[in-house]
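*Asks:* Spelled out from the first residue to the last, the chains are:
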Amino acid sequence: MTPPAAGGLATGRWRWAELAFWLAPIACFFLFPGYRVLASQVLIIGLFAMSLDIVLGYAGILSLGHAAFFGLGAYTAGLLAAHGWGEPISGLAAGIVVAAIAGFLVSWLVVRGEDLARLMVTLGLALLLYEAANRAAWLTGGVDGLSGVTVSRIFGVFSFDLAGKTAFFYSYAVLFLLFLIARRLVNSPFGLSLRGIRENRARMPAIGAPVRQRLVAAFTVGAALAGAAGALLTQTTQFVGIDVLGFDRSADVLIMLVLGGTGRLYGALIGTAVFMVAHDYLAGINPVYWQFWLGLAMVAFVFFARGGILGALGALAARGGRRP
Amino acid sequence: MIGVLFDGLAYGSLLFLVSLGLSVQMGLMNFVNLAHGAFAMAGGFICVVAMSRFGVPFLAALPLAFVLTAAVGAVMERLLYRRLYGASHLDQVLFSIGLTFMAIAGATWIFGASQQPVRLPAFLRGQVHAAGIDFGVYRIFLLAVVAVLTLALAALIERTRFGAQVRAAVDDARAARGLGIEVDRVFTTAFALGSGLAGLGGALGIEVLGLDPVFPLKFMVYFLLVVVVGGAGTLRGPLLAAMILGVCDVAAKYYLPQAGAFTIYAVMVVLLLAFPAGLLGRRT
Numbered sequence: 001m002t003p004p005a006a007g008g009l010a011t012g013r014w015r016w017a018e019l020a021f022w023l024a025p026i027a028c029f030f031l032f033p034g035y036r037v038l039a040s041q042v043l044i045i046g047l048f049a050m051s052l053d054i055v056l057g058y059a060g061i062l063s064l065g066h067a068a069f070f071g072l073g074a075y076t077a078g079l080l081a082a083h084g085w086g087e088p089i090s091g092l093a094a095g096i097v098v099a100a101i102a103g104f105l106v107s108w109l110v111v112r113g114e115d116l117a118r119l120m121v122t123l124g125l126a127l128l129l130y131e132a133a134n135r136a137a138w139l140t141g142g143v144d145g146l147s148g149v150t151v152s153r154i155f156g157v158f159s160f161d162l163a164g165k166t167a168f169f170y171s172y173a174v175l176f177l178l179f180l181i182a183r184r185l186v187n188s189p190f191g192l193s194l195r196g197i198r199e200n201r202a203r204m205p206a207i208g209a210p211v212r213q214r215l216v217a218a219f220t221v222g223a224a225l226a227g228a229a230g231a232l233l234t235q236t237t238q239f240v241g242i243d244v245l246g247f248d249r250s251a252d253v254l255i256m257l258v259l260g261g262t263g264r265l266y267g268a269l270i271g272t273a274v275f276m277v278a279h280d281y282l283a284g285i286n287p288v289y290w291q292f293w294l295g296l297a298m299v300a301f302v303f304f305a306r307g308g309i310l311g312a313l314g315a316l317a318a319r320g321g322r323r324p
Numbered sequence: 001m002i003g004v005l006f007d008g009l010a011y012g013s014l015l016f017l018v019s020l021g022l023s024v025q026m027g028l029m030n031f032v033n034l035a036h037g038a039f040a041m042a043g044g045f046i047c048v049v050a051m052s053r054f055g056v057p058f059l060a061a062l063p064l065a066f067v068l069t070a071a072v073g074a075v076m077e078r079l080l081y082r083r084l085y086g087a088s089h090l091d092q093v094l095f096s097i098g099l100t101f102m103a104i105a106g107a108t109w110i111f112g113a114s115q116q117p118v119r120l121p122a123f124l125r126g127q128v129h130a131a132g133i134d135f136g137v138y139r140i141f142l143l144a145v146v147a148v149l150t151l152a153l154a155a156l157i158e159r160t161r162f163g164a165q166v167r168a169a170v171d172d173a174r175a176a177r178g179l180g181i182e183v184d185r186v187f188t189t190a191f192a193l194g195s196g197l198a199g200l201g202g203a204l205g206i207e208v209l210g211l212d213p214v215f216p217l218k219f220m221v222y223f224l225l226v227v228v229v230g231g232a233g234t235l236r237g238p239l240l241a242a243m244i245l246g247v248c249d250v251a252a253k254y255y256l257p258q259a260g261a262f263t264i265y266a267v268m269v270v271l272l273l274a275f276p277a278g279l280l281g282r283r284t
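Protein chains in written order, with our numbering: chain F, 1 to 324; chain S, 1 to 284.
The set of hints was computed from the structure by calculation and includes no laboratory data. Keep in mind that the hints are not guaranteed to be accurate.
Computed cross-link-like contacts, DMTMM-like style, restricted to lysine to aspartate or glutamate with a CA-CA straight-line distance of at most 20 Å [as the list claims (entries may be wrong)]:
1) S:218 - F:161
2) S:218 - F:248
3) S:253 - F:131
4) S:218 - F:87
5) S:253 - S:91
6) F:165 - F:87
7) S:218 - F:199
Using the sequences provided together with the hints, build the complete structure.
*Replies:* Okay, structure coming up:
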């Protein structure tokens, strides 16, 4: 059987640039041993940004409360580990399942509205969850955070060390695995139909695409991946702070995604890397300055670089290709 | 009970005053402006600086806050906001969050992160005792100011030429343009008016809402909620929504202090789900 004609459907074949991209973190691991903890954080938050890319970049759902699912995954893994279930793989799976269920339930409220209603519902639910975690201090530790999270060895062999070696490779492996799934998903006819809905929601039913089900599915997948990222953060840092549910986290991840470029998966990962390295450097100087420059960069981005870093690179490449 | 209701109404009237500009921006220009709270904060800081540095009396600082914030709003509209009227909501959200971050960082840099105090004149302090209940004088003053302003705005919208132009532009900007209404100028004026009202609300609200650099983020949800629940582009909708919200929030803090902000967010989500088009929204 021949594959379907590729009218916009990516072939899914791997390119050299992609291989190089996935080797880069490994290179960083060996070249900059002092930054291994930061590198694992980039991998984890990169997964979080990628989850938002499926919701926003592919399905076109504007969410200002994506941290809700990140936090659910983080607290699920954290509570399990704090109460004696320290096995990391099953803890990660539990985080994914809880976030996916929550995402599925919320998605029905989200898909029926327009941009503004979606924005408000996601924002409101995330705030509600934050406040709930804040008030249920007996369970979550409240503003002090959930401590006493002890994660046992991966496969009973690799323990989480202070230098962050295990944390790095664990995060890398999980990110890569989930990226493969996401890549397969967005290159499938399902991913194509999501793009169709994003571009013109009214016309998609005419070619037989069940808009509502597709959006529900995309939102659920996005929530599940966000839950995975949250669980990873908990397991690698052995701590859950209440900021995992905060508005700043939702806003930051949105910025990272847009910085890298939406709707390409890699944009989320590159945007996260750039954002977090810049944050590590600038916030070390003065946190207030960081916030100011971040705000200025966002305004500038909206006016001058709508496609993000990858969009700008793509435009450059297209210009270079046209030159004789 | 009546005291809580009264405080809630005073609080709600403040929310209404600040949110009105946002309602105009969302209804008229279809612009999701998350930075609206920054204009309110600007008004608050103008009031504080005018009083503490230049010795301006409180009652004179209020109009000053209105005028200066309106001027800032007009400039911002001309330079920045205008370019994004046709942009996607994502762009508008990013732009206005960026603006909010800059406002917060700027205010922290200039004024520090602490709460700003305001010294009310003697005749606005204290309590009035009536029918066995204490009413705060300042809250009575607040309610009176907002009531007068609301009536004035209603007259402006319903009775004047400018009001007719605004209503026409809200209904159909293209047709309004075709009739020779200078929609761009209406937009700028409406934006400046809304910003000014937010600034005035911020200045009046120092005593009730407080004033610190994170003000725009802290109250962003409230302002958005008033507009979304009330339905954008009307006067009565946001008024009703602001009053419901104000009373609910004050009552929740009074009767269920251990639940904190949880109650108000729950009310918000329920209202959003129950009235997707707003309480008094136009159904198109």
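*Asks:* Please go over all the hints and tell whether each is borne out by the structure.
*Replies:* We went through each hint and held it up to the structure:
1. Pair hint residue 218 (chain S) plus residue 161 (chain F) does not hold up; C-alpha atoms about 39 Å apart against a cutoff of 20 Å.
2. With a C-alpha separation of about 12 Å, the suggested pairing of residue 218 (chain S) with residue 248 (chain F) holds against the 20 Å cut-off.
3. In summary, the hint linking residue 253 (chain S) to residue 131 (chain F) is supported, as the alpha carbons are separated by about 14 Å, within the 20 Å threshold.
4. Distance restraint check for residue 218 (chain S) and residue 87 (chain F): the Cα-Cα separation of roughly 39 Å exceeds the 20 Å cut-off, and the hinted pair is therefore not satisfied.
5. For a cut-off of 20 Å, the pair hint linking residue 253 (chain S) to residue 91 (chain S) is broken: about 36 Å separates their Cα positions.
6. With a C-alpha separation of about 18 Å, the suggested pair residue 165 (chain F) and residue 87 (chain F) falls inside the 20 Å cut-off, and the hint holds.
7. At most 20 Å may separate the alpha-carbon atoms for a hinted pair to count; residue 218 (chain S) and residue 199 (chain F) exceed this at roughly 34 Å.
Of the numbered hints listed earlier, those contradicted by the structure are 1, 4, 5, 7.
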